[in-house]
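So you can see what is in the structure, the chains are spelled out below.
2 protein chains.
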Amino acid sequence: MIFACGRLSGWDTSGVTDHGLRYFEDYVPGTIHDCGSVSLSQAEIISFASQYDPQPFHVDPVAAAAGPFGGLVASGWHTTAVVMRQLVDHYLPVEASLGSPGVDELRWPAPVRPGDTLRVRATVVEARRSASKPDRGITKTMFEAVNQVGRTVLQGTATNFLLVRPDA
Amino acid sequence: MIFACGRLSGWDTSGVTDHGLRYFEDYVPGTIHDCGSVSLSQAEIISFASQYDPQPFHVDPVAAAAGPFGGLVASGWHTTAVVMRQLVDHYLPVEASLGSPGVDELRWPAPVRPGDTLRVRATVVEARRSASKPDRGITKTMFEAVNQVGRTVLQGTATNFLLVRPDA
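Protein sequence lines correspond, in order, to chains A and B.
Just so we're aligned: 100 in the working numbering is position 100 of the first sequence, and the numbers increase by one with no gaps anywhere.
Just so we're aligned: 1083 in the working numbering is position 83 of the second sequence, and the numbers increase by one with no gaps anywhere.
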């Protein structure tokens, strides 16, 4: 379902799915949100890493075959970036998001190889109103990506600032 | 100076600078390494965010002007990615790097706006030999990016696995 709220007319919402999470109050600790799945091709892995992380095991299939992972693997930052896209499309509130001050315990426990399918999910671990700014709340979200054989390839805990519902 | 070590013939080293850090032993706790500077244009900010983090304050200058940052700002993941490139070029050991299991306390304390110049530096905070694998060591590095007015815009602590010197 495509998000078609009139209040979003200020920017291009094509492709933004209506996940139903709009304001701080919608993020309930303990709830788990499916954020879809994503896959990286070898060409995408090499393209991203050539620009941002050109270590041999990310950009050169021949060198990578003899390297620590026995083959080409995605930059952890590439995996993180595509998981972020899933979170934007399936989890973060399109209007109420005020950004993030940071992420804790970001982990890449297993390599991501070309063609792997990563399922992404987000768990609300904490939600509290701001003590100093009454218009917002602070959430902590554990996000994770699991590959097609059930291995976790990415995990982390993000802090986010979100507007409270206008009539709250 | 261009890295021209014969042992690197297996992959393209064009553009890789010789920062003199080659193996685990070269990472001495307490030392600070200048990793150069980097800048993001508005077009680059929008291009990265359109693919990976299409929140209005990263992709739409008009919406961003009325948003929480009062203007367009880079995705924190974009800042992290370009800082990673500086670390690859100026700090990580091109042959001895065995990848990273993760990053702790990743922070974006201030926004990055188009045209900001970010200076990147890396501080070795810990270096120890692996107890289980004698061919490698484990380093912890605090990396940070500071803008042209002295504000820290990115900070984090990375763990890395590195080969020890072959004759060590």
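Simulated from the structure, these hints should not be mistaken for lab results.
All values reported here derive from a predicted model rather than from experimental measurement.
A portion of the hints provided could be inaccurate.
Where chain B lies over chain A, by a calculated footprint (3+ residues, C-beta under 8 Å) [as the list claims (entries may be wrong)]:
#: 1; stretch: 20 to 33
#: 2; stretch: 65 to 78
#: 3; stretch: 115 to 122
#: 4; stretch: 140 to 151
The calculated label-pair distances, taken between Cβ atoms and stated as ranges, are [claimed, not checked]:
#: 5; chain 1: A; residue 1: Thr-117; chain 2: B; residue 2: Ser-1047; range: 22 to 28 Å
#: 6; chain 1: A; residue 1: Gly-20; chain 2: B; residue 2: Thr-1117; range: 37 to 43 Å
#: 7; chain 1: A; residue 1: Arg-129; chain 2: B; residue 2: Gly-1070; range: 33 to 39 Å
Non-contacting residues of chain A with respect to chain B, defined by C-beta distances greater than 10 Å in every case (computed) [as the list claims (entries may be wrong)]:
#: 8; residue: Ser-37
#: 9; residue: Ser-39
#: 10; residue: Ser-41
#: 11; residue: Pro-56
#: 12; residue: Glu-105
#: 13; residue: Arg-107
#: 14; residue: Pro-109
#: 15; residue: Pro-111
#: 16; residue: Val-125
#: 17; residue: Ala-127
#: 18; residue: Arg-128
#: 19; residue: Arg-129
#: 20; residue: Ser-130
#: 21; residue: Ser-132
#: 22; residue: Asp-167
All residues carry an ideal CB built from backbone N, CA and C; glycine is no exception.
Now for the hints, and whether the structure bears them out:
1. Evaluation of the coverage hint for the stretch 20 to 33 of chain A: breached, as 0 residues show C-beta separations to chain B shorter than 8 Å, against a requirement of three.
2. Here's how the stretch 65 to 78 of chain A fares: 7 of its residues keep a CB closer than 8 Å to some CB of chain B, so the rule of at least three is met and the hint holds.
3. Coverage of the stretch 115 to 122 of chain A by chain B is violated [criterion: at least 3 residues with CB-CB distance below 8 Å; count 0].
4. Coverage of the stretch 140 to 151 of chain A by chain B is violated. Counting CB-CB distances below 8 Å, 0 residues qualify, and the rule asks for three or more.
5. Checked against the hint of 22 to 28 Å, the C-beta distance between Thr-117/A and Ser-1047/B comes to roughly 26 Å, which is consistent with it.
6. Look at Gly-20/A against Thr-1117/B: about 41 Å separates their beta carbons, and that is inside 37 to 43 Å.
7. The supplied range of 33 to 39 Å is broken by Arg-129/A and Gly-1070/B, whose beta-carbon atoms lie about 24 Å from each other.
8. The Cβ of Ser-37/A sits about 16 Å from the closest Cβ of chain B, beyond the 10 Å cut-off, so the non-interface label holds.
9. Under the 10 Å C-beta cut-off, the non-interface status given to Ser-39/A relative to chain B holds; the minimum distance is some 15 Å.
10. Residue placement check: Ser-41/A keeps its beta carbon more than 10 Å from all beta carbons of chain B (closest about 14 Å).
11. The Cβ of Pro-56/A does not lie farther than 10 Å from every Cβ of chain B; its closest approach is about 5 Å, which violates its non-interface assignment.
12. Look at Glu-105/A: its CB is around 6 Å from the nearest CB on chain B, not clear of 10 Å, so calling it non-interface is violated.
13. Against the 10 Å criterion, Arg-107/A falls within the reach of chain B, whose nearest CB is about 4 Å from its own CB.
14. Consistency note on Pro-109/A: stated as away from chain B, yet its beta-carbon is not over 10 Å from all of that chain's, at 7 Å minimum.
15. A cut-off of 10 Å between C-beta atoms contradicts the statement that Pro-111/A is not in contact with chain B; the least separation is 8 Å.
16. Listed as a non-interface residue, Val-125/A keeps its Cβ farther than 10 Å from every Cβ of chain B; the least gap is roughly 17 Å.
17. Even its closest Cβ contact with chain B, about 18 Å, leaves Ala-127/A beyond 10 Å, as expected for a residue assigned away from the interface.
18. Distance check for Arg-128/A against chain B: the nearest CB is about 19 Å away, which clears 10 Å, and the non-interface claim stands.
19. For Arg-129/A, the condition that its CB be more than 10 Å from all CB atoms of chain B holds, with the nearest at approximately 17 Å.
20. Under the 10 Å C-beta cut-off, the non-interface status given to Ser-130/A relative to chain B holds; the minimum distance is some 13 Å.
21. No beta-carbon of chain B is positioned within 10 Å of the beta-carbon of Ser-132/A; the least distance is around 15 Å.
22. For Asp-167/A, the shortest C-beta to C-beta distance to chain B comes to about 20 Å, beyond the 10 Å cut-off, and the non-interface label holds.
Of the numbered hints listed earlier, those contradicted by the structure are 1, 3, 4, 7, 11, 12, 13, 14 and 15.
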